[in-house]
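Enquirer: So the chains spell out like this:
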Amino acid sequence: MKKYILDLEVVEVSHPHPRYVLIKLTDTKAPLPEMVPGQFAQLRIDGSSTTFLRRPISIHYMDSKTNQLWFLVQTVGDGTRQVAKLKKGDTLNCVLPLGNGFTLPAGKDEKILLVGGGVGCAPLLYMGKWMSEMGCRPTFLIGARSESDLLQLDLFEKYGDVYITTEDGSKGEKGFVTQHSVLKEKKFDRISTCGPSPMMKAVARYATESDVKCEVSLENKMACGVGACLCCVQDTNDGHKCVCTDGPVFDIKELKW
Amino acid sequence: MVNPVMTASGTFGYGVEFQDFVDLSKVGGIIVKGTTLNPRQGNPYPRMAETAQGMLNCVGLQNKGVAHFCDHIYPMIKDLPTRVLVNVSGSTPEDYAECAARIAELENIPAIELNISCPNVKQGGMAFGVTPEGASTVVKAVREAYPKTLIVKLSPNVTSITDIAMAVQDAGADAVSLINTLMGMAIDAEKRKKLLSIGTGGLSGPAVKPVALRMVYQVAHAVNIPVIGLGGISSATDAIEFLLAGASAIEIGTANFLDPAISEKVAVGINEYLDRHHFSSVKDIIGALED
Numbered sequence: 001m002k003k004y005i006l007d008l009e010v011v012e013v014s015h016p017h018p019r020y021v022l023i024k025l026t027d028t029k030a031p032l033p034e035m036v037p038g039q040f041a042q043l044r045i046d047g048s049s050t051t052f053l054r055r056p057i058s059i060h061y062m063d064s065k066t067n068q069l070w071f072l073v074q075t076v077g078d079g080t081r082q083v084a085k086l087k088k089g090d091t092l093n094c095v096l097p098l099g100n101g102f103t104l105p106a107g108k109d110e111k112i113l114l115v116g117g118g119v120g121c122a123p124l125l126y127m128g129k130w131m132s133e134m135g136c137r138p139t140f141l142i143g144a145r146s147e148s149d150l151l152q153l154d155l156f157e158k159y160g161d162v163y164i165t166t167e168d169g170s171k172g173e174k175g176f177v178t179q180h181s182v183l184k185e186k187k188f189d190r191i192s193t194c195g196p197s198p199m200m201k202a203v204a205r206y207a208t209e210s211d212v213k214c215e216v217s218l219e220n221k222m223a224c225g226v227g228a229c230l231c232c233v234q235d236t237n238d239g240h241k242c243v244c245t246d247g248p249v250f251d252i253k254e255l256k257w
Numbered sequence: 001m002v003n004p005v006m007t008a009s010g011t012f013g014y015g016v017e018f019q020d021f022v023d024l025s026k027v028g029g030i031i032v033k034g035t036t037l038n039p040r041q042g043n044p045y046p047r048m049a050e051t052a053q054g055m056l057n058c059v060g061l062q063n064k065g066v067a068h069f070c071d072h073i074y075p076m077i078k079d080l081p082t083r084v085l086v087n088v089s090g091s092t093p094e095d096y097a098e099c100a101a102r103i104a105e106l107e108n109i110p111a112i113e114l115n116i117s118c119p120n121v122k123q124g125g126m127a128f129g130v131t132p133e134g135a136s137t138v139v140k141a142v143r144e145a146y147p148k149t150l151i152v153k154l155s156p157n158v159t160s161i162t163d164i165a166m167a168v169q170d171a172g173a174d175a176v177s178l179i180n181t182l183m184g185m186a187i188d189a190e191k192r193k194k195l196l197s198i199g200t201g202g203l204s205g206p207a208v209k210p211v212a213l214r215m216v217y218q219v220a221h222a223v224n225i226p227v228i229g230l231g232g233i234s235s236a237t238d239a240i241e242f243l244l245a246g247a248s249a250i251e252i253g254t255a256n257f258l259d260p261a262i263s264e265k266v267a268v269g270i271n272e273y274l275d276r277h278h279f280s281s282v283k284d285i286i287g288a289l290e291d
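Residue numbers (this note's numbering), protein chains in the order written: chain A, 1 to 257; chain B, 1 to 291.
FYI, nobody ran anything at the bench for these hints, they're computed from the structure.
Computed from a predicted structure; not experimentally measured.
Misleading hints may appear alongside valid ones.
To be verified - Over the 10 Å line for every Cβ pair with chain A, so calculated as not near, a few chain B residues:
hint, residue
1, 20
2, 91
3, 98
4, 127
5, 133
6, 160
7, 167
8, 258
9, 289
Stated by the list, open to error - Derived, one-sided and incomplete: chain A residues facing chain B with beta-carbon distance under 8 Å:
hint, residue
10, 95
11, 229
12, 233
13, 235
Glycine residues also receive a C-beta, built at the ideal position from the N, C-alpha and C atoms.
If we strip away everything but chain A, and leave its shape as in the complex, we get (with noise of 0.2 Å):
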């Protein structure tokens, strides 16, 4: 798939929660370009002293209709905060798309459940559209703190069905993803996840104690997103591979986890 450098502009910003920023971006000379769920983009931070390189966000939406790309952020540090002042007209540099995406249904018929915690349930809403386009109606699991910490819900259920737990209970079943009372009333044919290592981890125990196939998107630490550094490598059963484009979604089969 073809990679650019794109200079998008920002049509819209919002702030969901206290920790995350939602920007809407556009590209105002071109359609945007071709990509698909579970890649990434890089973009340039600029105005922050303490950081230096560019900040790897998985696509949350695209929509060519439109020409709109969206980027759920968490502000964890000196240079996601600065992504969260942009303003509406400003420009983002963004290298994309990155790395390889989510496998897709073969068929309809493919049952698929996603997994999402925190911000890693970014790239699962694009990727319930793109199953929806297809005719395929996902299953979400949305797993977060506490109800405060859930974001788009309203989005996520145009798409399929969602079910949710919170560690306080406060909204859906109390518990971890793991706990969920729909992994024992369903099957999966597969299980795609994203979010805090230790929940993709309890995942992965879940879905080869239950025999489903299962891949996580890994988010190591990146320098160049392209594959040329080999700094964000993951210990995989073959050797050292590169997060950026041997993944960011790897199937458990083949992690040393």
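Dock chain B against chain A, hints included.
Expert: Frame of chain A, contents of chain B only:
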């Protein structure tokens, strides 16, 4: 070379990774990733830490070995529309020489860059590059095995880089390139932990540029062979500063991560500078500092 701009080893993959961003025919050359005689897994993750105006890495020469390079990578890159050079590393002088001899057989590789300055491997690497005797031993061994252009990449982690450069010149090097990364360290204060898997790493990026520029200036005045300058070059102006300090060519490294198209932009920017100052050739500005 069509111009003095090259891309530094370990920052540009094998060139093909950047073909969507750069017209490779517009850069003078690319130096592909460090290659060793035997495959190397490199160091464990985490291998990178960001710093103000730079980054530390401790990749540790991960590569699949020279046989894999010759059989699988070379066919893919031999017809790229630019000069393709290979960075060669090793843990003994014999290793270096054997690896270089294998690459000498590859018709479309006109030169190698000998890495005697990698700070991230326990054996060999920088150990050879920090004494004139060590550097000389490796360069002599490779010189006997390698008849084409031999560039030696120098470490800045030394007391006198000019002593090393002169030793390398006497041992038969055709050119030197400098600087490799500066050894550094990063710590996470909150977690009270080292940020790199092996504790230390090599610092690169704009943070090292003044150090690199000083060393290029000193070495260019100490040796008669061409000097290739690198270290934090992120713009045409940076590149021109290195040429004025005495470098005959430059390499762009870490800046490729921030702007994958930077190498081509620097080449264009150098030409604009030459036009603006009425110079007819890059040669006119090499070492052309005024009093």
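Enquirer: Take the hints in turn and mark each one as holding or not.
Expert: Results of checking the hints against the structure:
| no. | hint | in the structure |
| --- | --- | --- |
| 1 | 20 | violated (4 Å) |
| 2 | 91 | holds (19 Å) |
| 3 | 98 | holds (23 Å) |
| 4 | 127 | holds (22 Å) |
| 5 | 133 | holds (31 Å) |
| 6 | 160 | holds (30 Å) |
| 7 | 167 | holds (30 Å) |
| 8 | 258 | violated (7 Å) |
| 9 | 289 | holds (29 Å) |
| 10 | 95 | holds (6 Å) |
| 11 | 229 | holds (6 Å) |
| 12 | 233 | holds (5 Å) |
| 13 | 235 | holds (7 Å) |
Checked against the numbered hints given earlier, this structure breaks hints 1, 8; the rest are met.
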